[in-house]
Amino acid sequence: MNEIEISVRAPIGQFVLVADTRISATGVTALFGRSGSGKTSPLRWVAGLQKAERGRLVVNGEVWEDNSRGIFVPPHRRGVGFVFQESALLPHLNVWGNLRYALRRAPSANNMDMIIERLGIRTLLHHAPHQLSGGERQRVAIARSLLIQPRILLLDEPLSALDQQGKEEILPFLELVKQESQVPILYVSHAIEEVRRFANSLLAFDGGRVSGPLPLEAIYVKNGQPSS
Amino acid sequence: MGDLSLLLTPVWLTVKLASVTTLILLLLGTPVAWWLAKSRSRWRPTVASLVAMPLVLPPTVLGFYLLLLLGPNGPVGSVTESFGIPRLPFSFTGLVIASVFYSLPFVVQPIQNAFETIGPRPFEIAATLRAGPWDRFFSVALPLARGGYFTAAVLGFAHTVGEFGVVLMIGGNIPGKTKVLSVAIYDHVEAMEYEAAHWLSGGMVAFSFLVLFLLQVFRKPIRISL
Chain A
1 MNEIEISVRA
11 PIGQFVLVAD
21 TRISATGVTA
31 LFGRSGSGKT
41 SPLRWVAGLQ
51 KAERGRLVVN
61 GEVWEDNSRG
71 IFVPPHRRGV
81 GFVFQESALL
91 PHLNVWGNLR
101 YALRRAPSAN
111 NMDMIIERLG
121 IRTLLHHAPH
131 QLSGGERQRV
141 AIARSLLIQP
151 RILLLDEPLS
161 ALDQQGKEEI
171 LPFLELVKQE
181 SQVPILYVSH
191 AIEEVRRFAN
201 SLLAFDGGRV
211 SGPLPLEAIY
221 VKNGQPSS
Chain B
1 MGDLSLLLTP
11 VWLTVKLASV
21 TTLILLLLGT
31 PVAWWLAKSR
41 SRWRPTVASL
51 VAMPLVLPPT
61 VLGFYLLLLL
71 GPNGPVGSVT
81 ESFGIPRLPF
91 SFTGLVIASV
101 FYSLPFVVQP
111 IQNAFETIGP
121 RPFEIAATLR
131 AGPWDRFFSV
141 ALPLARGGYF
151 TAAVLGFAHT
161 VGEFGVVLMI
171 GGNIPGKTKV
181 LSVAIYDHVE
191 AMEYEAAHWL
201 SGGMVAFSFL
211 VLFLLQVFRK
221 PIRISL
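If you're matching them up, the sequences are chains A and B in order. Going by the working numbering, 51 is the number at position 51 of the first sequence; the sequence numbering is gapless. Going by the working numbering, 173 is the number at position 173 of the second sequence; the sequence numbering is gapless.
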């Protein structure tokens, strides 16, 4: 039950997404591959933002997609917390409006104060998205994705649009989310250091083909670097 | 004072006509604009062309066919007549129907442009925040398109105020009922009443400038295209 079954073979975006794997529905699974290798498409498929012609996706025993049986659960019924790479906030709402958007649609009451506190965004509540730094925006997006009480958390290179300082600012929050959140996290990244710090297991991604799960050490072998 | 009320009756009628027409068009134009912005149907070019037709058709052509359509022997008129609905041509209702067609592109296109500029991302964000399709429309599409709605309302209103040919064809020239501003000006000129014509025409010049000035101030570019 506590696993995610991914089985897909379909063109999504510019790639043919091929994956056939089961990953643990606990902890952080990194989807690792070079930048520009289309790593976002599996996340978008898991979220239901893109359909696959041939695919089956089962999360914790719940069938989200199985085209052989004509099952497709639309994204708003899946309960996926999706943190987009950039422009992740609704532009017509301020920070509080963005959080409230999720709050109102959450299936049950939230411990919002704690989430706002943990992500350190209390002083930002009345700011518009364009008044925030990249790191602040991502923190709000992460908080918001937690507020809908997701059954899976999908992070699409949440750090890649940030400078080093922004990254250092976010990583502790991500580690906090990882420790406290009960839901599985799928984390797309091309940065070895991030993956090493943050992930529990690894899926390698290359030209649309997903392989794994692999142990974390595989990341070094794959890139021909000595393990440290 | 009798003169003044005579002068102002067409103004009031015009304001009423333009307001009702704009309101109907904002409601009716929204689903059309949404469909044109989102659809990849092969019917899309056809519908887009039909919506844009009033931009290029002589208003008299539009008025002529509407007259035939709505007249007591026309396909629409014969039906409404059999339901006991008062005759549509030469009535205020008939004017409203004609104006809706006449000003359609001026309302649909700004809203459509606004929907198109939103792009997919805000809708994807909303979907992952558990918002369903209708929820997304009201909580994302409408607020993000509000600039387009402002432009659409102003242009729809102003364009309806300026119609002449369609009104003449379908509404005639009944004082207090279908005699709108533009027709009244025409009548005044015909009767050599240049002073009255000056008041109304000068008012229109000022009004038109004000409308366009407002649009410029709010920096929403006017994009009307075929």
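These are calculated hints, taken from the structure and not from any lab test. Some hints could be false.
What the hints assert, rightly or not - Not the full set, but computed from the structure, chain B residues with beta-carbon under 7 Å of chain A: (1) ARG42; (2) SER78; (3) VAL79; (4) GLY119; (5) PRO122; (6) LEU142; (7) PRO143; (8) GLY147.
Ideal placement from N, C-alpha and C gives every residue a C-beta, glycine not left out.
Structure-based check of all given hints:
no.: 1; hint: ARG42; result: 21 Å, violated
no.: 2; hint: SER78; result: 45 Å, violated
no.: 3; hint: VAL79; result: 40 Å, violated
no.: 4; hint: GLY119; result: 9 Å, violated
no.: 5; hint: PRO122; result: 6 Å, holds
no.: 6; hint: LEU142; result: 10 Å, violated
no.: 7; hint: PRO143; result: 5 Å, holds
no.: 8; hint: GLY147; result: 11 Å, violated
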